[in-house]
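One line per chain: the protein sequences are Y and G, in this order.
Numbering follows the numbering used here, with no gaps: position 323 of the first sequence is 323.
Offset between the second sequence (1-based) and the numbering used here: plus 482.
Hints were generated in silico from the structure; no laboratory data involved.
Check each hint, because a few of them may be wrong.
Claimed, not checked - Derived DSSO-like pairs: lysine-lysine, alpha-carbon spacing no greater than 30 Å straight-line:
#1 G:Lys-603 to Y:Lys-79
#2 G:Lys-617 to Y:Lys-78
#3 G:Lys-656 to G:Lys-672
#4 G:Lys-531 to Y:Lys-79
#5 G:Lys-526 to G:Lys-772
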Amino acid sequence: MSKYTEDDLREELKTKEYEYGFYTDIESEKFPNGINEDVVRAISKKKNEPEWMTEWRLEAFRIWEQMEEPEWANVTYKKPSFQDISYYSAPKKKPKLNSLDEVDPDLLATFEKLGISLEEQKKLANVAVDIVMDSVSVATTFKETLAEKGIIFMPISEAIQEHPELVKKYIGSVVPPTDNFYAALNSAVFSDGSFCYIPKGVRCPMELSTYFRINEGGTGQFERTLVVADESSYVSYLEGCTAPQRDENQLHAAVVELIALDDAEIKYSTVQNWFPGDSEGKGGVFNFVTKRGLCETNAKISWTQVETGSAITWKYPSCILKGNNSVGEFYSIAVTNNHQQADTGTKMIHLGKNTKSTIISKGISAGKSQNSYRGLVQINSRAENARNFSQCDSLLMGNECGAHTFPYIEVKNKSAQIEHEATTSKIGEDQLFYCNQRGIDTEKAIALIVNGFSKEVLNKLPMEFAVEAQKLLEISLEGSVG
Amino acid sequence: MELKEKILSSYVAFENGININSDLHEIRTKALQNFEKLGFPTKKLEAWKYTSLNSILKEDYSIFPDREAAIELADVKKYFIHEIDSYKIVFVDGKYSSFLSSTTHDGKDVCLLSAAFSKDKYKPVIEKYFNKIAKQDNLTSLNTAFASEGAFIHIPKNVEVEKPIQIINFNTGKENAAMLQPRNLIVVEKNAHVQIIERHQNLNSNAVLTNSVTEIFTDTHATVDYYKIQNDNENASLVDNTYIEQQKESTCSVHTFSFGGNITRNNLNFYQKGEHINSILKGITIIEGKQHVDHHTLVNHIEPNCESHQDYKGIYGDRSTGVFNGKVIVEKEAQKTNAYQQNNNILISDKATINAKPQLEIFADDVKCSHGCTIGQLDDQALFYMQQRGIPKKEANALLMYAFANTVLESVKIPEVKKRITQLIANKLGVNIGFEL
Chain Y
1 MSKYTEDDLR
11 EELKTKEYEY
21 GFYTDIESEK
31 FPNGINEDVV
41 RAISKKKNEP
51 EWMTEWRLEA
61 FRIWEQMEEP
71 EWANVTYKKP
81 SFQDISYYSA
91 PKKKPKLNSL
101 DEVDPDLLAT
111 FEKLGISLEE
121 QKKLANVAVD
131 IVMDSVSVAT
141 TFKETLAEKG
151 IIFMPISEAI
161 QEHPELVKKY
171 IGSVVPPTDN
181 FYAALNSAVF
191 SDGSFCYIPK
201 GVRCPMELST
211 YFRINEGGTG
221 QFERTLVVAD
231 ESSYVSYLEG
241 CTAPQRDENQ
251 LHAAVVELIA
261 LDDAEIKYST
271 VQNWFPGDSE
281 GKGGVFNFVT
291 KRGLCETNAK
301 ISWTQVETGS
311 AITWKYPSCI
321 LKGNNSVGEF
331 YSIAVTNNHQ
341 QADTGTKMIH
351 LGKNTKSTII
361 SKGISAGKSQ
371 NSYRGLVQIN
381 SRAENARNFS
391 QCDSLLMGNE
401 CGAHTFPYIE
411 VKNKSAQIEH
421 EATTSKIGED
431 QLFYCNQRGI
441 DTEKAIALIV
451 NGFSKEVLNK
461 LPMEFAVEAQ
471 KLLEISLEGS
481 VG
Chain G
483 MELKEKILSS
493 YVAFENGINI
503 NSDLHEIRTK
513 ALQNFEKLGF
523 PTKKLEAWKY
533 TSLNSILKED
543 YSIFPDREAA
553 IELADVKKYF
563 IHEIDSYKIV
573 FVDGKYSSFL
583 SSTTHDGKDV
593 CLLSAAFSKD
603 KYKPVIEKYF
613 NKIAKQDNLT
623 SLNTAFASEG
633 AFIHIPKNVE
643 VEKPIQIINF
653 NTGKENAAML
663 QPRNLIVVEK
673 NAHVQIIERH
683 QNLNSNAVLT
693 NSVTEIFTDT
703 HATVDYYKIQ
713 NDNENASLVD
723 NTYIEQQKES
733 TCSVHTFSFG
743 GNITRNNLNF
753 YQKGEHINSI
763 LKGITIIEGK
773 QHVDHHTLVN
783 HIEPNCESHQ
793 DYKGIYGDRS
803 TGVFNGKVIV
813 EKEAQKTNAY
823 QQNNNILISD
833 KATINAKPQL
843 EIFADDVKCS
853 HGCTIGQLDD
863 QALFYMQQRG
873 IPKKEANALL
883 MYAFANTVLE
893 SVKIPEVKKR
903 ITQLIANKLG
913 VNIGFEL
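Build the full structure now, drawing on both the sequences and the hints.
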């Protein structure tokens with residue numbers, strides 16, 4: 001019997017192309033490349049936005065022009081040229097639909113390929129899906145069920161039309177355009193995204209979910225998500241990404257703002273699988289995301305993320321614990337393989353009394369990848385009895401990859417209690433031997449060990465996401481141990 | 483920047499006093515150019531994010547204190563570890579004081595860098611080691627440019643130095659603020675063994691800025707035991723740059739005791755250039771007032787099968803600020819590395835601040851690396867327990883803090899140094915710890 005050796009596997013993986021790499025040709029309306037005030041105005045006009053929104057975008061654009069691209073992250077890449085990107089592209093046949101039957105069959109086929117058939121999603125998962133396909137939402141489901149509860153869940157472009165008072169009040173309140181280079185760019189040119197508002201005392205009955213994808217070649221995607229949980233409300237929000245294979249680098253600069261008012265709770269989960277580039281590191285998405293949440297009194301924000309894709313990841317979901325007794329959580333798994341580079345982590349800013357934060361970060365690096373954790377825990381002088389626990393574990397596979405931790409701890413209050421620990425390890429040969437001995441092949445054994453390693457984070461994901469994430473981990477790491 | 487200009491323009495005067503027809507001078511000139519380009523570090527640099535030198539750079543420092551200042555042994559005896567016999571290399575205002583020193587050339591060289599520079603017999607050593615591992619960064623370059631005096635210690639192979647060596651820098655600066663730039667070179671050959679105690683002391687209320695650079699070479703199987711005692715007055719600022727290169731199977735430990743000073747910045751760098759090396763970095767920081775102590779450590783694991791142990795404890799009172807930035811790099815070839823880093827801090831005042839950044843950069847997969855960092859308070863229950871048994875609160879507090887710092891003290895090999903540090907801690911905490919060690 002011929003044995004399937006590791007070399008075979010390596011060969012197979014080398015030749016195996018990105019499974020979800022395909023390109024659907026939907027005739028789309030696209031702006032010429034480049035950015036200037038006119039482009040910003042045109043985007044705003046295209047969206048039929050009110051005057052204040054246009055002004056807000058222009059203001060952000062002017063700020064962006066003054067800013068410099070940050071270079072402090074532990075990643076190296078060829079900087080994208082911001083004049084070579086088209087800042088707007090919308091599927092031309094923009095359907096206003098009530099049911100799936102009316103959706104363009106081409107689009108439906110795309111979803112099918114990605115394995116997230118809407119019908120199934122609707123039936124099985126009880127998930128309302130607001131699909132963003134190249135920047136414009138084309139289908140929104142379960143809207144009526146949500147409407148009954150008074151929950152607003154719609155593309156942000158519609159929200160600007162229908163609920164301008166809410167959008168105006170909260171947009172940019174947590175991530176102002178001045179925050180950083182990418183946030184400013186996003187504020188100027190964001191095409192679409194999701195808006196979610198949970199009224200007072202309402203517990204959102206289902207997981208809200210958005211699937212983002214980049215579809216049109218050469219269009220950067222600038223999503224803007226705004227989630228507002230009013231007093232004593234609860235919402236769990238899912239975000240997942242897959243992207244088609246592309247040779248040129250694609251830029252993704254999203255902004256996510258969460259606002260949890262008194263006693264509210266927001267759980268935000270992400271599975272990110274943008275195209276990471278091929279085994280030579282060619283292509284792949286640049287993911288520069290600004291995510292931040294604000295907690296008022298007794299509020300809680302929990303970020304959970306599984307990062308397996310992107311050539312470059314630059315992402316720090318953060319919590320500002322403004323109110324007393326507020327809680328921030330960050331659970332993350334970041335997997336890098338081949339030539340991927342990830343610089344990810346969180347910021348926990350403790351302002352209120354008795355605030356608590358937990359950080360669990362699991363980094364897995366394989367191939368020639370670099371995986372960094374960068375985090376900040378800041379206890380301000382008035383944050384009495386603040387508590388933080390941080391744990392950063394790294395798993396290395398092979399000696400060509402790197403794992404790095406850059407934790408910053410700044411404490412200005414004596415009653416604070418901070419614990420930080422980090423470990424680095426590899427998959428032990430004895431562990432593998434134990435599994436092999438019991439008839440589990442090496443590949444499976446690695447999956448098993450990796451799953452065990454990331455269990456603490458996987459457990460925090462909503463059920464259906466956890467399954468998907470587990471599978472993603474296995475795919476991402478196939479053949480990475482020699 | 484004014485000070486920078488002043489330093490640059492004083493270089494000509496400096497050149498007049500030294501031999502400019504040597505290779506050394508080329509190194510100096512290059513270093514000066516480097517400093518001219520880089521200037522003083524600002525908070526914009528990641529390495530100086532938490533430490534600003536602005537407040538101390540405003541002083542009008544005299545760059546070359548030219549006056550010979552005499553000090554009486556009786557006045558400064560307390561700054562020595564005088565209970566033990568030791569070699570002493572003492573500098574007053576950057577100049578060698580033969581009166582206070584006790585050096586040797588008997589089988590080993592415990593002497594001056596200026597002497598080593600000028601004598602032919604030391605030329606090979608200087609050529610081989612001087613300025614070889616010191617980083618080309620701003621303040622080290624500044625020191626290199628003006629490098630003329632400091633301790634020169636050369637221990638030949640298989641020599642175990644029978645008594646510790648003390649390097650002490652006094653500043654008398656009665657009229658002016660002064661800037662001092664001591665430069666030490668320590669070469670420990672195969673199998674040799676040496677213990678060194680270093681101290682900087684300001685004897686006046688005028689400001690002093692010491693920018694010190696020490697290069698230590700530890701050859702195969704050699705052992706170096708280095709103690710830095712920093713208990714200066716509040717007008718003294720210190721930037722202490724230490725670079726250590728270790729060859730295989732060597733052991734080097736550096737203990738840094740930071741109990742006082744205005745701004746103290748310790749740049750401690752270890753480069754491991756062989757297998758089976760052990761590097762030990764330990765420190766206790768107890769400060770109050772507006773003092774600032776910044777520990778910036780780097781351990782670079784280059785070869786396989788090496789170890790490093792870091793343990794830094796800090797207690798911060800009043801408005802003091804502490805920084806711990808510990809960086810461990812494990813290179814691709816450095817498999818089976820065992821790197822351990824621990825940093826524990828206690829804040830005892832509402833106005834005190836601690837900024838910690840324990841950093842790991844790992845490129846090898848078969849390694850054991852861990853770091854832990856905590857910030858917390860004394861255990862209320864333990865305090866209560868002791869008070870209940872008749873120990874006053876102040877003493878109970880002190881006992882707990884002493885116990886907290888003791889893991890660092892435990893590894894001090896010279897009993898007299900341990901005793902002195904214990905006394906200093908007791909003074910610091912304002913109690914009389916009722917036991918001898």
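Out of the numbered hints, which ones does the structure contradict?
-> Violated: hints 1 and 3.
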